[in-house]
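There are 2 protein chains.
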Amino acid sequence: MGMLYFIGLGFYSVKDISVRGKELVEGADYVFAEFYTSRLQGSTLSEIEEFLGKQVKVLSREEVEGERILLESSAKGDTVLLTAGDPMSATTHQSLRIEAMRRGIPVRIIHSSSIFTAVPGLLGLQPYKFGRTTTLARPEKDYFPTSPYDIIFNNLDQGLHTLVLLDIRTDRDYSMTATEGLRLLSRMEGKIGKGILTREREIAVVARAGSEEPFLWYGTLKEGMETDFGPPLHSVVVPGGCHFMEKEMLEMFRSHSTKTINISLKM
Amino acid sequence: MGMLYFIGLGFYSVKDISVRGKELVEGADYVFAEFYTSRLQGSTLSEIEEFLGKQVKVLSREEVEGERILLESSAKGDTVLLTAGDPMSATTHQSLRIEAMRRGIPVRIIHSSSIFTAVPGLLGLQPYKFGRTTTLARPEKDYFPTSPYDIIFNNLDQGLHTLVLLDIRTDRDYSMTATEGLRLLSRMEGKIGKGILTREREIAVVARAGSEEPFLWYGTLKEGMETDFGPPLHSVVVPGGCHFMEKEMLEMFRSHSTKTINISLKM
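As given, the protein sequences belong to chains A and B, one line each in that order. The working numbering puts the first residue of the first sequence at 2, with every later residue one more than the last. The working numbering puts the first residue of the second sequence at 2, with every later residue one more than the last.
What the hints contain is simulated information worked out from the structure, not anything from laboratory work. On a predicted model such as this, the values are computed, not experimentally measured, just so you know. It cannot be assumed that every hint is accurate.
If several chains are the same, the list does not tell them apart, and a pair holds so long as it fits within one copy or across any two.
[Claimed, not checked] Quick list of in silico lysine-lysine cross-link-like pairs, BS3-like style, CA-CA up to 25 angstroms:
| id | residue 1 | residue 2 |
| --- | --- | --- |
| 1 | K16 | K55 |
| 2 | K248 | K55 |
| 3 | K223 | K192 |
| 4 | K192 | K16 |
| 5 | K223 | K248 |
| 6 | K223 | K195 |
| 7 | K223 | K58 |
| 8 | K130 | K195 |
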């Protein structure tokens, strides 16, 4: 019986994969990838295939959730599922893993860097000071969930930072910009009005985390709603109470200081 | 002027480093490492040096905080600081980064896998369902902080999971075991008595995350206080309200089921 490997690619380019992960892909019989929960911004499929020296079959949501391919293959030979970010952050992968364990298929997880720890670190914010993470969904006609507002409210109430992830729809090639995200937060303020996300609220944005030049930005919600942060991926952080060193770092990314923008571009 | 690279080694073995990180180390003029905030369990310094093909100077706390070596070197040539886990999670590294930015030294951060995302993922718990992380410090004579209890209380109150990291003192070659940690939590219950960490409270433990056979365990606080989880590193999670799939995964690690222990050992 084969082994089922969940291998994280990291979150920006194919070279973010761990050395161990690359070795295991090279030795595998079947290599699949799942890119609908998230995908690498910095590498195309053919770059990934060339770098890993393997043909990679990209699975649709149905194929991953249907499990057939993966489980058949792992009964025949060592099988890899490549995913962006840490491989176990997505529920789909967990349900697949449960099913594999039930069938007695040995599973191994190869971790990788993740936006969950990278974004706080890039901004100089301590991981211990974050509350619950939230995600902004692209609003549909009658669909405008305001739960992110409540999560940010609870975190601020405890003096904690909030990591705000932005909607990704790889099938529609859509990823929400920080500008859109901040406008949504402002709309939620208008709707709920507890006064936590006013135009003066100071916000941090990371664009292109993991790239050679991530853009690190700090300014008011108002400024952010009028800023073009460039190509994806974007993430937003609503800082809570800051340790002086956290504040010192954020100030270096203050929007209206070109000096610090230059520095941030060099990050 | 040289570049200052903060490169994450991942959290278990030297092969957890990203391919990009390894390439940058190979091309660097000076390679330093900081192992007092945390270190790799699965690789010795000489294994790291052999694998990276570089001499690695391990810096003391004073040397890193004094900044002299790093900043001098990065003025002369490309300099790497290797760290376990994601390189920006430790405050010491952030203060060094701030100082480098002030002096106009270009800084680049190479992310890696981190216990902060790996432990939730290994246990099948959704990263969105975690509240604030806490750390258990080794109690000294007159020093028994109970802030972790309050953090766990607040998280449970919101239905959130808590990642509980355990004290590491690399200088004294001490890392707290989950057994010790759970006993501390039980002592805090005795002291504060809000009834959240009774002997019946169900707890999850991960031992040797990132190794070929991480040990994944789920059971009551009472059982955990009597369990030997083997070699370090250990981490504890206090689950809050669980989605049915999260519960399903945790049940697979239930202490008294040898079947699932075998599976967990294969993870």
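To see whether the hints hold, each was checked on the structure:
1. K16 <-> K55: For K16 and K55, the Cα distance is within 25 angstroms both inside one copy (15 angstroms) and across copies (20 angstroms).
2. K248 <-> K55: neither (45 angstroms within a copy, 36 angstroms between copies)
3. K223 <-> K192: Answer is within; shortest intra-copy Cα gap is 17 angstroms, inter-copy 47 angstroms.
4. K192 <-> K16: Neither: 43 angstroms inside a copy, 49 angstroms across copies.
5. K223 <-> K248: within (19 angstroms within a copy, 42 angstroms between copies)
6. K223 <-> K195: Within one copy, since 17 angstroms is at most 25 angstroms while 43 angstroms is not.
7. K223 <-> K58: Neither, since 44 angstroms and 47 angstroms both go past 25 angstroms.
8. K130 <-> K195: The answer is both: 22 angstroms in one copy and 23 angstroms across copies each meet 25 angstroms.
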